[in-house]
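2 protein chains.
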Amino acid sequence: MLDKRPYEPLDVGTLPRRLAAAPGLAHRIGPAEHWRVREVGDGNLNLVFIVEGQLGAVIAKQALPYARCVGDSWPLSLERSYFEYHALVRLGQRDPGRLPQVHVFDQEQALIVMDYLTPHVILRKSLMAGDVLPLLDRQMGQYLARTLFRGSDFAMETAHRKRDLALFAGNVELCGISEDLIFTDPFCVSPRNRVTPGLEEDAAALRADRALKLAAAALKRKFATCAETLLHGDFHSGSVMVTAQDSRVIDPEFAFYGPMGFDIGAFLGNLLMAYFAKAGHDAEDHARAAYEDWILQLVEGVWSAFEAEFARLWRTERTGMLGLAELFEDGGDAEGAEAALAALLRDIWRDTLGFAGIEMHRRILGLAHIPEFETIADLTLRATCERRALAMGRRLMLQPDTFSDPRHVSRLARSVRTV
Amino acid sequence: MLDKRPYEPLDVGTLPRRLAAAPGLAHRIGPAEHWRVREVGDGNLNLVFIVEGQLGAVIAKQALPYARCVGDSWPLSLERSYFEYHALVRLGQRDPGRLPQVHVFDQEQALIVMDYLTPHVILRKSLMAGDVLPLLDRQMGQYLARTLFRGSDFAMETAHRKRDLALFAGNVELCGISEDLIFTDPFCVSPRNRVTPGLEEDAAALRADRALKLAAAALKRKFATCAETLLHGDFHSGSVMVTAQDSRVIDPEFAFYGPMGFDIGAFLGNLLMAYFAKAGHDAEDHARAAYEDWILQLVEGVWSAFEAEFARLWRTERTGMLGLAELFEDGGDAEGAEAALAALLRDIWRDTLGFAGIEMHRRILGLAHIPEFETIADLTLRATCERRALAMGRRLMLQPDTFSDPRHVSRLARSVRTV
Numbered sequence: 025m026l027d028k029r030p031y032e033p034l035d036v037g038t039l040p041r042r043l044a045a046a047p048g049l050a051h052r053i054g055p056a057e058h059w060r061v062r063e064v065g066d067g068n069l070n071l072v073f074i075v076e077g078q079l080g081a082v083i084a085k086q087a088l089p090y091a092r093c094v095g096d097s098w099p100l101s102l103e104r105s106y107f108e109y110h111a112l113v114r115l116g117q118r119d120p121g122r123l124p125q126v127h128v129f130d131q132e133q134a135l136i137v138m139d140y141l142t143p144h145v146i147l148r149k150s151l152m153a154g155d156v157l158p159l160l161d162r163q164m165g166q167y168l169a170r171t172l173f174r175g176s177d178f179a180m181e182t183a184h185r186k187r188d189l190a191l192f193a194g195n196v197e198l199c200g201i202s203e204d205l206i207f208t209d210p211f212c213v214s215p216r217n218r219v220t221p222g223l224e225e226d227a228a229a230l231r232a233d234r235a236l237k238l239a240a241a242a243l244k245r246k247f248a249t250c251a252e253t254l255l256h257g258d259f260h261s262g263s264v265m266v267t268a269q270d271s272r273v274i275d276p277e278f279a280f281y282g283p284m285g286f287d288i289g290a291f292l293g294n295l296l297m298a299y300f301a302k303a304g305h306d307a308e309d310h311a312r313a314a315y316e317d318w319i320l321q322l323v324e325g326v327w328s329a330f331e332a333e334f335a336r337l338w339r340t341e342r343t344g345m346l347g348l349a350e351l352f353e354d355g356g357d358a359e360g361a362e363a364a365l366a367a368l369l370r371d372i373w374r375d376t377l378g379f380a381g382i383e384m385h386r387r388i389l390g391l392a393h394i395p396e397f398e399t400i401a402d403l404t405l406r407a408t409c410e411r412r413a414l415a416m417g418r419r420l421m422l423q424p425d426t427f428s429d430p431r432h433v434s435r436l437a438r439s440v441r442t443v
Numbered sequence: 025m026l027d028k029r030p031y032e033p034l035d036v037g038t039l040p041r042r043l044a045a046a047p048g049l050a051h052r053i054g055p056a057e058h059w060r061v062r063e064v065g066d067g068n069l070n071l072v073f074i075v076e077g078q079l080g081a082v083i084a085k086q087a088l089p090y091a092r093c094v095g096d097s098w099p100l101s102l103e104r105s106y107f108e109y110h111a112l113v114r115l116g117q118r119d120p121g122r123l124p125q126v127h128v129f130d131q132e133q134a135l136i137v138m139d140y141l142t143p144h145v146i147l148r149k150s151l152m153a154g155d156v157l158p159l160l161d162r163q164m165g166q167y168l169a170r171t172l173f174r175g176s177d178f179a180m181e182t183a184h185r186k187r188d189l190a191l192f193a194g195n196v197e198l199c200g201i202s203e204d205l206i207f208t209d210p211f212c213v214s215p216r217n218r219v220t221p222g223l224e225e226d227a228a229a230l231r232a233d234r235a236l237k238l239a240a241a242a243l244k245r246k247f248a249t250c251a252e253t254l255l256h257g258d259f260h261s262g263s264v265m266v267t268a269q270d271s272r273v274i275d276p277e278f279a280f281y282g283p284m285g286f287d288i289g290a291f292l293g294n295l296l297m298a299y300f301a302k303a304g305h306d307a308e309d310h311a312r313a314a315y316e317d318w319i320l321q322l323v324e325g326v327w328s329a330f331e332a333e334f335a336r337l338w339r340t341e342r343t344g345m346l347g348l349a350e351l352f353e354d355g356g357d358a359e360g361a362e363a364a365l366a367a368l369l370r371d372i373w374r375d376t377l378g379f380a381g382i383e384m385h386r387r388i389l390g391l392a393h394i395p396e397f398e399t400i401a402d403l404t405l406r407a408t409c410e411r412r413a414l415a416m417g418r419r420l421m422l423q424p425d426t427f428s429d430p431r432h433v434s435r436l437a438r439s440v441r442t443v
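Chain order of the listed sequences is A and D. Position one of the first sequence corresponds to residue 25 (our numbering), numbered consecutively onward. Position one of the second sequence corresponds to residue 25 (our numbering), numbered consecutively onward.
If you are wondering where the hints come from, they were derived from the structure by calculation, not from laboratory data. C-beta: ideal position from N, C-alpha, C; glycine also. Some hints could be false.
Claimed, not checked - For lysine-lysine, the following DSBU-like pairs were computed, each having C-alpha atoms within a straight-line distance of at most 35 Å: (1) D:302 <-> D:246; (2) A:246 <-> A:149; (3) A:302 <-> A:246; (4) D:28 <-> D:149; (5) D:246 <-> A:246; (6) D:28 <-> A:28.
Unchecked claim - A short, non-exhaustive set of chain A residues, derived as facing chain D with CB atoms under 10 Å: (7) 129; (8) 331; (9) 363.
Bound-form chain A, shown alone:
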């Protein structure tokens, strides 16, 4: 155990003294007297240190009591570190090896020490660089199926699930950021919003679009009331680190009990935006077309892998109180269980499309934009790319029932891109 002392932001001098007493750490990375410590975070939301020893390295992530990145002086409580820790442990148990392992959690210091991922890079950067990642669809689809299924009443003992529901109901502050920035601000006039010059009229039209606002309101209600499973809560391409063969999920501090489609939709929405951004960066040639095709295959592949793994878990791990084998297999109606699975997957797919659509709006109309679009220097071209993403996102939010499977999503993306 580390001694309790009041929170203070650590630095390369104080961190090793704080960690020297942590059990097992020297065993993992080597004796403390040889540690080399570097601060590598951008300092906006968290301090991030790499601690390297003779045997290996770890990351030490310490929360700061504010978030300069979301507003100039937006205070954020240190408690988010507590939720991130609990989410890292749970999600890591549900898909072993897919999240960094936690070695130390120091609640007083809002400090998590975990695996240093190397040579991994942020997926968003990798997509911008045009890397093809042949295993990513399968790894992400499986990750989503495993964490979403295993955190739900389809698999968990319900008293345990309800304890976790109560625990993560405390993550009010970060849920509040999502409630405001994803579901509210983009659809109304707010000083936190920002749009690319040239998109002002589009933004005004969308904010006057009653059908779209009703869809946003319904999705916000789903987000806030459907406590289905433990979500990552911020599962975009900046929360995944990759190599050519591997992928890891990081930063689940927005974790809470919410609808399965929210994590899947956020991820697919970001992939679709990566697709629409390509035309803003590269000349229209064979290489770009091939990469665009690959992104759409990725969208399709993530859903297919999710669906396949979810079905496997449904058939083999459906032990929770929503599993209801009593009504189906136990009564000789195994086909009924397959029909229940199909109905459930339809619902998740529908939610996924809606949440993907809203993610595409909030990244263009709201506060937090994405580098894929932001780095398109030609503002007219940037606005064109974003306008296409908005058109696609609107369809996903308003007519999710018209997409029977992800190939229809790809088809629409291709047709919207040529507008």
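Since the structure of chain A is provided, determine the placement of chain D on it from the hints.
Okay, now just chain D, sitting in the frame of chain A:
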């Protein structure tokens, strides 16, 4: 404050000693030396005492650590008294005067001292006796609107709602009873089930009815995951006490955060069963027809009053983070807010019908039957009445979208009753 001492079931001798120190009680009912105490509960689930003094009377309800009524030796934790207390306070604040006021809560003794309701009788008995209660529809519709709206993120400050969500997530045991007895057992073979002789084939057919089982599974998922508002959780006609002019809601120990339609549906389902039971008791004459008509008017009136009050609250108290006035009124689109209300009411109505239908199944196929049917001495006639209720319940579960408003429900009830 009462002193803390280990739980022990109280009796007419020990209760006054326990309560003598309770602040304010003597002020309310008169000095303790003149109290007269009677035990009036059936002793199956709780001890219920009436404490009468010179100035008035109170009820003292103490939980017992088992529930003989649900199973011969079904242990139940005393903690349910804690959830009942917290629900009584919250629901009472949301619809003032509609629930008994709590005067003492003694957590160690699982003891709640509250208003003694007199001359109120249980609504179920009143319906069986054929009483016409002219204000009941309005009072119950308003109660449902006020408690369901005001306990949700349409009205509450979300940090407060999330704290309550976490608190009631602890009510695992009583939720578990609902999960088993309402949503699972009735649709499979279980030793806890019981059906009226003559209904065995109907029960077997329903348990082989895949569409019905899928609907039950979807409703169970809604019940378990849709943490929309604080529900009473067991809102049937045995949880309401009435006089000709007044009605009060009691016994909210099953309270938890769930879907709005669950409370409304349980109530309407029980009214519909009261309707179908009439033919088992009274000769088919003008008086019976008039009372049957009144019950159906009650069904329609409860929903109408709910809808009207919910709309009023929507327009005047929509201050929670799901209210989204930012998207509608604040942006000059007041009609958009009305459209959002209409969409929400459609969803609640749909859920209500499904939950009404499942309530009608579980009271006939499951463990906990209702006296309206149980007191029909002629078993063939009882089975006929129950068969009609099942036919109606099945339609409500399978085709909720075909009922545009409660008059369609009444129409179906009338047509099913003559089969």
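Results of checking the hints against the structure:
A threshold of 35 Å between alpha carbons decides the hint, and for residue 302 (chain D) with residue 246 (chain D) the separation of about 32 Å falls inside it, so the pair holds. Straight-line distance between C-alpha atoms of residue 246 (chain A) and residue 149 (chain A) comes to about 31 Å, which keeps the hinted pair within the 35 Å bound. Proximity of residue 302 (chain A) to residue 246 (chain A) is assessed by CA-CA distance (about 32 Å); at most 35 Å being required, the pair is judged to hold. Restraint check for residue 28 (chain D) and residue 149 (chain D): not satisfied, since their Cα atoms lie roughly 39 Å apart, outside the 35 Å limit.
For the hint pairing residue 246 (chain D) with residue 246 (chain A), the CA-to-CA distance comes to about 12 Å; that is within 35 Å, so the pair holds. Between residue 28 (chain D) and residue 28 (chain A) the CA atoms are separated by roughly 33 Å; this keeps the pair inside 35 Å, and the hint holds. Nearest Cβ of chain D to the Cβ of residue 129 (chain A): about 21 Å, over the 10 Å cut. The hint is violated. Checking residue 331 (chain A) against chain D: minimum C-beta separation of about 18 Å lies over 10 Å; hint violated.
Taking 10 Å as the C-beta contact cut-off toward chain D, the hint placing residue 363 (chain A) at the interface holds, the least distance being around 6 Å.
Hint violations for this structure: numbers 4, 7, 8, all remaining hints satisfied.
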